[in-house]
Structure formats: structure tokens, C-alpha cells
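Trainee: Whole structure, please, built from the sequences with the hints as guidance.
Chains A, B, C and D supply the protein sequences, listed in that same order. Oh and the first sequence: position 363 is 363 in my numbering, straight run, nothing missing. Oh and the second sequence: position 237 is 613 in my numbering, straight run, nothing missing. Oh and the third sequence: position 102 is 854 in my numbering, straight run, nothing missing. Oh and the fourth sequence: position 130 is 1258 in my numbering, straight run, nothing missing.
Hints in this document: simulated from the structure, not taken from any laboratory. Each hint should be verified, as a subset may be incorrect.
As the list claims (entries may be wrong) - Each pair of labels, with its calculated beta carbon distance range:
1. A:331 - D:1163: 20 to 30 Å
2. C:899 - A:25: 48 to 58 Å
3. C:1128 - B:524: 47 to 57 Å
4. A:170 - C:922: 46 to 56 Å
5. B:485 - A:171: 52 to 62 Å
6. B:560 - C:825: 38 to 48 Å
Beta carbons: idealized from backbone N, C-alpha and C, even for Gly.
Number of protein chains: 4
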Amino acid sequence: MIGGGKDAFIGAVHRLALNMDGQIELKAGALSIDPQIAKESGEMLFLDPSRIYTDYKTMLEEEAAKPAEERLDFITIVTPNFVHFAPAMLALEKGFHVVVEKPMTFTLEEARQLQAKVEETGLTLLLTHTYTGYPMVKQARQLIKDGALGKVRKIWVEYPQGWLSKLTEREGNAQAAWRTDPKKSGKSGCMGDIGTHAANLAEYISGLKISQICADLHTLVEGRVLDDDGAVLLRFDNGAAGVLMASQVAAGEENALKIRIYGENGGLEWAQHEPNTLIVRWLDKPAEIWRAGTGYLSEAAAANCRTPAGHPEGYLEAFANLYRNFAQTLAARIDGVEPPAAALDFPGAADGVRGMLFIDKVVESSASDQKWTKFE
Amino acid sequence: MIGGGKDAFIGAVHRLALNMDGQIELKAGALSIDPQIAKESGEMLFLDPSRIYTDYKTMLEEEAAKPAEERLDFITIVTPNFVHFAPAMLALEKGFHVVVEKPMTFTLEEARQLQAKVEETGLTLLLTHTYTGYPMVKQARQLIKDGALGKVRKIWVEYPQGWLSKLTEREGNAQAAWRTDPKKSGKSGCMGDIGTHAANLAEYISGLKISQICADLHTLVEGRVLDDDGAVLLRFDNGAAGVLMASQVAAGEENALKIRIYGENGGLEWAQHEPNTLIVRWLDKPAEIWRAGTGYLSEAAAANCRTPAGHPEGYLEAFANLYRNFAQTLAARIDGVEPPAAALDFPGAADGVRGMLFIDKVVESSASDQKWTKFE
Amino acid sequence: MIGGGKDAFIGAVHRLALNMDGQIELKAGALSIDPQIAKESGEMLFLDPSRIYTDYKTMLEEEAAKPAEERLDFITIVTPNFVHFAPAMLALEKGFHVVVEKPMTFTLEEARQLQAKVEETGLTLLLTHTYTGYPMVKQARQLIKDGALGKVRKIWVEYPQGWLSKLTEREGNAQAAWRTDPKKSGKSGCMGDIGTHAANLAEYISGLKISQICADLHTLVEGRVLDDDGAVLLRFDNGAAGVLMASQVAAGEENALKIRIYGENGGLEWAQHEPNTLIVRWLDKPAEIWRAGTGYLSEAAAANCRTPAGHPEGYLEAFANLYRNFAQTLAARIDGVEPPAAALDFPGAADGVRGMLFIDKVVESSASDQKWTKFE
Amino acid sequence: MIGGGKDAFIGAVHRLALNMDGQIELKAGALSIDPQIAKESGEMLFLDPSRIYTDYKTMLEEEAAKPAEERLDFITIVTPNFVHFAPAMLALEKGFHVVVEKPMTFTLEEARQLQAKVEETGLTLLLTHTYTGYPMVKQARQLIKDGALGKVRKIWVEYPQGWLSKLTEREGNAQAAWRTDPKKSGKSGCMGDIGTHAANLAEYISGLKISQICADLHTLVEGRVLDDDGAVLLRFDNGAAGVLMASQVAAGEENALKIRIYGENGGLEWAQHEPNTLIVRWLDKPAEIWRAGTGYLSEAAAANCRTPAGHPEGYLEAFANLYRNFAQTLAARIDGVEPPAAALDFPGAADGVRGMLFIDKVVESSASDQKWTKFE
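Mentor: Here is the structure:
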């Protein structure tokens, strides 16, 4: 693991997720650039002292030199955005599979290079678009794939958070500090951090691609540099229309990602706050409450549940699903067999490029007087 | 009453609403242009046969000629959009107060003329933007007025319906037929029918005015002429940003008007499907569930409740609130006294002009390549 | 109307309900035993001064003496419990149909006499068990009648209120005062006031009859005389088991009547706080959200809706449904024709007797050391 | 681990829970009495082959003989109820701390012996009453402890499941088979399996003790031996009244444990299906939605959250909280220091005895004609 020292947020989440199924063991870490924190963090995690590093280059170097049976299988990168690309490239060059937080890189150009490297090396990259790991998200995707709703006409995806309603970045909140700093976060704040999740979810569930956008980004808290709010009108490649709304200043909201998709025959609704439920509405009959862990789910959804219906699974389980599918895929590939279809269902480098493109394009569109901007 | 024969929808709703509080009695009607329907409808409503008309002009003529104590106090117009203006003008000219369905007229120009006539005559006009009649909508407005949320930054208002997901207008649905016909409905379908409600609600609760828009209207069902779906990016006069989404092809949705408004300190959420609840969220403490009929409501909200908390009031009561407030205002004015503040809280001609402006501008903006269109 | 002066609660509700559909007009009233209040209340309601009475006997006497076309069609009695029986008997004797608030009488014996008088006179009595007027309650009943759930095994009905959590009856609350006074309310407080509604609802929806009970009543607020809380274990005539819970000291609750019924194949859930929704659960497929105003409802439910889906109807509409069905029944009987099946669906004298029996038996059971008490 | 082979349910849940925080590692197992399953299960879990046992006695024997630094710290017992006592006693005798599934033993007498042994040895026992591991359950407990609701008057706890609505035990469902078999499950089915959870939760949150009960157990599915449904009237040691309802034949329900507690000033409601929310109601102000992961939680609740608000945590995290607290307690005790207060908050042997007493008493009360049975 690169990044994720004891003072970080998402690194701890990665560890909870990778621990859960007992298939993955954290063996080495360059957990912080602060040697003291790196050391203490590694000890807290019971790492072998010889595998606690203060520098990712040294770690990748030394670990790559170990014999196959001792070598790390993959590297997880949980640093701020501007430190994704270099370690990911190096890890791939050293022959490691890679897990990297989203957005995949700092610039679109880097993302394309990384994707090329993944293709060149034949290694596997997992991009942690966590929300696609929820079983009911997979069920929604399957229903649309199966044509249950007919042609998709309309997509509304929204992601309100309220935690940046004040100038939190100046009050000692480290998370807020780097995320609102263009040097560390990139050219967008809110859209880069959560808008990309929303766009990814919309494309993942619908199976469609965004083709044109009209964006309106805002910095609603005075004194902030990057956008903390925005809305994007969407057009999809099949002619469907959509709206994406994301905000980090929706005061009082937690992490309320929600999506609604409507087709000719019905619509569906999924909200991350109640992730085990998928509402499916029909034109001429009662709406239905599909639930995780039940017997009527599709294989794709069922494979991502751990407990029977009524035992709520949450964010960490969704996260663990990404890791579990990724690990199953690696294991199969290591064994030289084809991974099961369900295992291959995790976001990768192509999603990462698409996310970086989204950031580029919403920023471009928002700055433009012209209504529509082509999405590549 | 003009329009609202036994085959109509909204006329019956008006009657339920005006009956409820026992303050208003329907005495005469030109309920249909079909003489047979007009007659049968009038009889079903126990009208005096001499006051059942087949023609609104005759009705206004004859009723205006009656002695004061027999005269109608006001005229309700519940015809399709293209027959709002002429009867409303005539009624005002004959000295009657007027209740008219929204959108107020067929064109913006007519709306302005009607507003001028209202001002000229000093008569009172009620425009039935029903949703502003709900007590928790009034509570939301009051909370913002009182500054509880701080400066408003963000408004999201949405209005999904699904009833036009098919080409219902060709399947004998009279409601659908005129609403999708530009000759009867006007230059917009979805935005005229429900988008106006959403815009009105946003301005009513927030106390702000829309200043710029960027609209994207769609006709998602093939074979239809007018828009059946759309989204509008909004900017408000205080710098707040917003999104308005309306659709009549959100398959499986009923009438799911919902609004969320966020300020510096918190946010609120109200949904018409559960109208007796207002969710108020705060930055640093638990969200609150404000409920109709409770003892802690503002005077403005409490005056629009009829029963104690836990006895759900709905759409008809909200509608009746408009009539009750209007009737109290008329009664006070007839008595030559100032109506109570709560009674004056109903939508009027200025809202009607603003609604017609909204229709004009969203159509104009949607057709434009330019991103932003000034709202007046 | 007898009772229901301007200082009363339920009388006003009755008037809202009977006004709504424009089929019933209040023409006379003995609205209060206080002559001043009776007069002022009558004037507020635009009653003819000659038909404002201060004494129900005089009213019934004089109204009965009027010619048929002027006579009242029926009498509504909305006095406290101890003044139900005498006016109801007299009204029946004078040939009037009767509407009476629940519980029907003060004692079981009176209830039986009243039922006998109804049968003897052939007149019609409406007992306002309001909650059976909701369309989704009727849909629930129909689903069970149609066997959709299979044999009913389990019924849970609950009715939490919190308004008597303090000794409100000593703080000038007139409602609380008579309802907690055994001389005016009868031998039970909570169970008489709301427990009877819950029991009635359970029997109405399930089509079953309670056959044995085990009751545990409590007076949880010190200084109160009658029960303000209780629970009853139930056994039904088909072998089903049940629990009824009612409380007026469930602090913070409003009027949260809710019922769940489970059969061999599925279960259903209805809650008065969201009355337009009926949840239907199945063993092996997604739960369903049935909604008022939709096209898929049974005739019995649809006949009790006034507006399309998504226009919430509430407590007053449920109440108005009782009146509308009752009025349709009277109208048909006056015309000498058989009322339509849907119109006959309102609670009557038999329900009133059963309610009084419930009160008697829960009080008896609660006082007993023996577990089970036969329900008649 | 004893029990929990690859064909079992709760063993897998224990492993997910103990893995999550990276503090506990499964090192040895007697996972099945079927040697083949034991072997395969152990291999799947990457156990050292020498520590895969087919017999818990051998395992305890051999593991106890290992040097301290290799020895297991504790033993988890996840066998059916009738195989809890013997391995737990032996483990304690061998000096191991113990984790055991509820109900703690097969008989009340065994439970008392086990409790005595725990006291005698000074070892630590964790009984997995999972639902007490949820942060919002702990918040509820804290609110009551702090007196926020005033004196508790009323407790309603319910636990509907529907999975035994058919004779599932005869359809090859191993879970159903042993749970409905008195030889493996004990003298109660539904009350032993889920009623004990409900009773434990009520006492845990309220801080009260049940003092009297009146139980009514049912076997509603023909052909079944043990109860599959029941209700219990409760009286608590402070005079509060309550009702406990549990059913495994509430067709269509999943695992819908829910509790409501009312005091003089307000009430609270928690439901396992939406475990991150605690509704708190007040007499004279809006109800509040308290949420997991927020900054305003008590220390006891906050210590049991892993992620910020809006990242739903579920059943596995609640389960992991038991393990994490237990592990922290062990670690502190091993280090000879006092465990932190939050770590000591997990169910133990006393809860186990109380659960067995509950089973004994509800069965006794249900068979009795007398209304009330003393609880101990």
C-alpha cells in the first residue's frame, strides 16, 4: 500500500475492504512520506518491519526483487490525486497489478498513458469506483441490460454532500485541504471528487455513454478556489437525456448519491443511503422493492452479497466487492484460467480515462458560452 | 364556474376544494360547450336550472345583471389553457373576481393584459398554483424568510410524472389530448403544465427570483409535438444556483414534485407525495422532521392546517387552502377591512405573468445555442 | 347535527367531510348546550336562525314535524360518548337516519338496544370508524378476500399516540378532559378511544373475528383514572394469532395507526401516516407498493379515490368516504333501489356493538388473573 | 473456530467480522465433524494443515499444549445450540477465552454452569448478540442513560422474519432443519432464535430488566414441532410496560428487528433494516434523525463507527464491533491494563444466562393458564 497512513481516511477504508474476505493480506507499505508516521502506521498494522517503507520507489524496487512466492501480488495506491500516476506507472513497470483510487490520475494525458501501460503490460488495474460494487447497482444494470425497462430515455443522477459548506479546508481538516487545492486535486474539486462517481454510475448502470454535456460549475463558498458544486445537462449516445447534479455544499446532506433511470416501460431508483433496496416502477402495476440478499436476484447481483436479505450490507462491503472480484480475477489469471464473469465486473483503466475526460470536459463546458460541448 | 363538465378532471377538483370549508357555494355554471353535457353536469351539481348555461358569455352577461345579493361573488375558470384569457377578461370587465387555472393564459402578452386589467379594476384574481397551499410549504418559506438556513445557495426542484410515457393522447385520453396539442396548451407541454409549478414553488419558498436560465427541452415519445421532458439550469437574483427538472415520461412516477433548498447553515426538503412532512437538515446536529398540525409551526403554516398532527391532509386540502384564503380576502374586502396576512397568501396575477414568462423563456433558451438566457 | 359547536374538535371534522362532495348540506343544529355557543356556531355555519337549536330534543321534535321535502335526511351526533345513546334513540324513533361517532354508546347494553332499534325501524346508521374509509384499507381487505395471501395467520395492529403523555386533562385541554373522565368517556380511556379503531380495522381488513383476548391495560401517567395504554393478545376465529397495541402516552407519536397482516403466501402493511400506500410482501418475489388512485386497484378501493395517483388524499377524504357511501345508500333507499355494493361499505350498528364488546372485554380481561377471556 | 464449515451460515459471518479490522487472524479450526468438509474448509481459509482438526477436543488439547506465542488467544464456537456448552467449558478449562453464538447453551442449567466457570477462571466470554453492536443502538442506550427521555414507560420490540413460512426444514434447508429440531435447538424455536435477540436488545437499550411476562407462543405452520411465532407482554423492574413480538412466519419479512421506547419526554425508534438511523421524538418539537458517523454522537456510539456519515455500515460491521471490542479487552487484559470503557461494551456470560432464562420462562408462561409469570 502506498499512502494511507494512520492520519488518512481512504487508506483505512481500503484495508477494511481488503481484509474482509480473508483472501488478501497487507504485507508491505509506504504509508506516509513522514518516516515517523510511516513507521507507526506500519507497526499498527503488524507489518514486518523490513517491509515498512518511507518511499514508494524503494518499496517497489525492493519488493520487485523478492522471489515470486514472497512478492506482493498487487499494489494499492491511496495517495492524493497528484501522486497517483507516478507510483502506478512504476508499479506496472515493475510487474505489479495495481489498485488505484479515483480519479485515476491528475491529468487526462496521464490517464491515457496509464491505460496504454496497462494494455502493454497485460497487468490488471482496479479503479475504486466503490458505488459500482453494490449488489443492487448490479441488479439495476442487469435489469436494463435485459431490456426490462425498454429503451432508456432519461437519467437523473445526483450526489449531494454538505461537508464543505464552510471553509473547512482552513480549519485543519486535511481531507478538505488537499481536495480543494488545485495543485493536489486537479482542475476540478466537486466534479473531480464526486461528480466522477455520479457519471461513472450513470454509464455503468445504463450501459450508455455520455455524448454531449452542458455544465455549470460553481464555487459557492467564498474564498475557495475549485468548484464545490455543479450541474451538468447530459445527452447519451442512444438519444437519452440526463442531468447530473453534485454538490459539496448541500448543507446537512451526508453522502447522498442517488440515481433514477427511466425507460419506455418503467423506471428504477437506487440511493446509496439505503443501498440494499432498488425501487423498480412500472407503467401499469405496483412498484417493486427489490432487496439485496434475496433469492430472485440476478447472478451478477447475488455474487456480490454476503448475507441473507435483511442483514444490511453497506459501503465497506461494496468496497470489498471490488477487491474480491479483482482478487478472483488475479487468482484466475495467475492460475492461467479465465476468471468467472462476475469476477471481471470491476472498474479499470478505461473507466479511469473516462473519468479524467469527464473532469476535463465539465470544466471546459462550464467555462464556455456555448451550450453544448462534445464529450470527446 | 366556466368549464369543468362531468367529463373533465380539474373542474371536479375545484369543486371538492371550494366545498370543503362550507364558505363557498357553487351557484351557476357554463360547464361545457356541449349543451347536453352542460345540462347534465349542472343537474348533477344541483344547480338551479336557470343558472345552467352553455356559453360563458351569456352566463357572465346574465349573472352580472342580477341584483347584488344574488350575484355571483367570483368566477372560476377551469377550461383548457387557450380558453382562459377571454372569459377571465370578460369576468373582470363585468366586475367579478376571478379564479383561474394555471398557466394563466395562452400567451405572455395575454397574461400581461390580464394583470393590467386586474390592477385597473381592483378586483382579485386567484391563480391555482396548488402546491403553495400546503402548510409545510408555507413552513419552509417561513424558515427561509426567518434566516434559519442563512443565505440560500442552492435550489433543486424536480417534478417527475410518468403518465405520458406512451402516446396516451392518441388513446382517447382527453386530458392528454389537449395538453399535448399546441393549439390548446400553448408553446410548451411539460414545462407549461408542470414546469411552471416547479418554478413557482422554487420562487415561492426561497423568496428569490430566477434571473438566468439554460434550458434543454425534449420530446422523448415519438410522434408527440410538444416537449414532454426537460431540465433547466437556474441562476437566482441573489447568486444562488439551481436546477429544475420536469418530465412526463418518467415511467412509473406519479406526481412526484419535490424541492430541496440549501443555505449556509442547513437545508430543507419537501415532497408532495408526503406533504405533511418537511425535513430540515443542519450542519452539526440531527436533521429534523417538521410535521403539519403540530404546535411548533409558524402562524403562516398553522393557518393552513385543519386537523391535528397525524391526520394526513393532502392535495385537496392544499387546494382548498387557496380557495379559503381567497374567500377570506374577498370577504374582508367586501366588508371593507384589511384581510389577515395569512389570507392574502395565495398566488395571483403577478405569478401568472411570471409563469407565462417562464414558458416563453425556457422554449427560447432550449432553442438557442447560447448557454444562458436572461429571465426577463 | 347534535354537538360540534365551535369549541369542539370532531364536529368540525364531520362538517369538512360531509361538505366535500357537495351531496350533503348541513341545515340544522343543536350544536352546544350552551345557548350562546350554539347560536354563534350556527351563525358561523350560515344556518337558518330558525333551525339553530340549543337542545337536541326540541330539534328532533321540530324537524320531525316539518314536511318531507324540508325535513332533515339524517342526524349526525358528535357529542362526547355519554351523550350518544339518547339522541340516537330519539332520532331513530323520529324516523331519522343516524350518523354517530364511535364508540357508539356509553355501555354495551345501550349499544345492543340501539342496534335493535335500527333493525326495528329499518333506518340506516353510520358509525364513523374513519380508518375503514381509506381506499388502501379497502384494497387490503380485497386482497385478503381474494385469497392473495392465503390463509391469514398473524395480525399485528398498533395505534400509538403521545398527546396524553402529560396530565393534559388538567391543563385546560377539553378534548383530554372528557376523554379521560370515566363519567363521560366510559369504562376505558385509551382502549375505548383508539383501541376500538384498531380492533375494528383488524377485523375489517382480515374478514376475521376476534375470539379470545388477553389484555393488559395501564395507566402510565400518574393521577389519571382511566387506562392510557395497553396491549391485547388476540386469537381469531380461524386460528390466527394477533397482537393489538394502543397507547396515548407513546411520547412524540402523532396518530400512528398501523396494521400488518401475514398469510401463508405473503403479508401486507398499511399505516395511516402514509395512507395512500399499501405494502404487499411475498415469499419469493419483490415486495410491492400499491398506491391509491392507480389503475390497478380493485373496484372497492377505486370507488373511494377522488384524484389520480400522486395527489395525496388523507384523513378528511377517508372520513368523507364514509359520508359519501352512506349518502349514496340513503339516496338509493329513498329512491327504492338497491344501493351499489361499494356504497354499502360503511360501518354500522353491528360494528358499534362489537366495539362496545371490545371495551367491556379488554377491561374484564385486564382485571383478570386468568390468561384468556372469551370474546363473547 | 469450532463449527463453521463451508456449508454453514453463521461461521462465515464470524470470519467476515473478525477479519475486518485486521486485529484477529484465524489460525486453527475444527470446522466440521465431517473430516472431508473440515479439511476442505480449512484449506479454503489458508489454515496451516497441521491446525485443521476434525474434532474440537483434539484441537483444544493440542492448541493448549503449544507455546504461549503460538497459542490461540481465543476460541469461537459457531456450532448448533446443542454443541455450545461442552466445547465452551473445555475451552475455558484449557485457558482459552471464548466467543460463543447465542443462545449460549442448550439449557438454563448449562448456562449457569458456564457463567460460573467464566467467573472462576477469570477468562472472557463474548456472546454474539450482534444487534447490540450497532452504533445507533449504543446511541439509543446512551440517550436513555442520560435521562433524555425521562423515565421509561413503554417498550415495544418486534422481530418479524418470514423465512419459515413454509415447512422449509423439510426442503433441504440445513439452517431451518436444526433450528426447528428440539434436539438441536432447545425447547423453543422462534423465541430461542430471535426472541432472545429482541429481549436482549430491549434490556440493553433501556437499562431495565424484565420482571414479569405473559407469553403466547404458536406453531403456525402445520407439521412443525417448535414455536415459530409468539408474543410476550412484558413488565419491567421500574414499572414500565412492554410488548415483544417475534415471528418466523411473517411472510415476506426479512429480518426486521425494530424497537421503540417511550419515556416521559419523548421516544426513540431503531430498526435494523436502516441501522444507521435513530429516530428520536419529542413532545413539543420536531422529531430528530440521528445518524451514524456524525460528529454529535456519544463516545460510546462513535467508537463503533468506522466511516463518516453517509457511508452505510451494516450487520457485518455491527458483528465486527463485538469482535473488535472483545479483542481490545483481551489485548488490554493481556497487557495487564484496564480496557477502555467502550471496549468493555459487549455481551457476555450474564447475558447468556438471561437469554436462557427468557427461553425457559416464555415456554413456561405460554403453557400456563395464569396470566403472569415471574421472570426469575
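Trainee: Could you work out which earlier hints the structure fails to respect and list their numbers in ascending sequence?
Mentor: none
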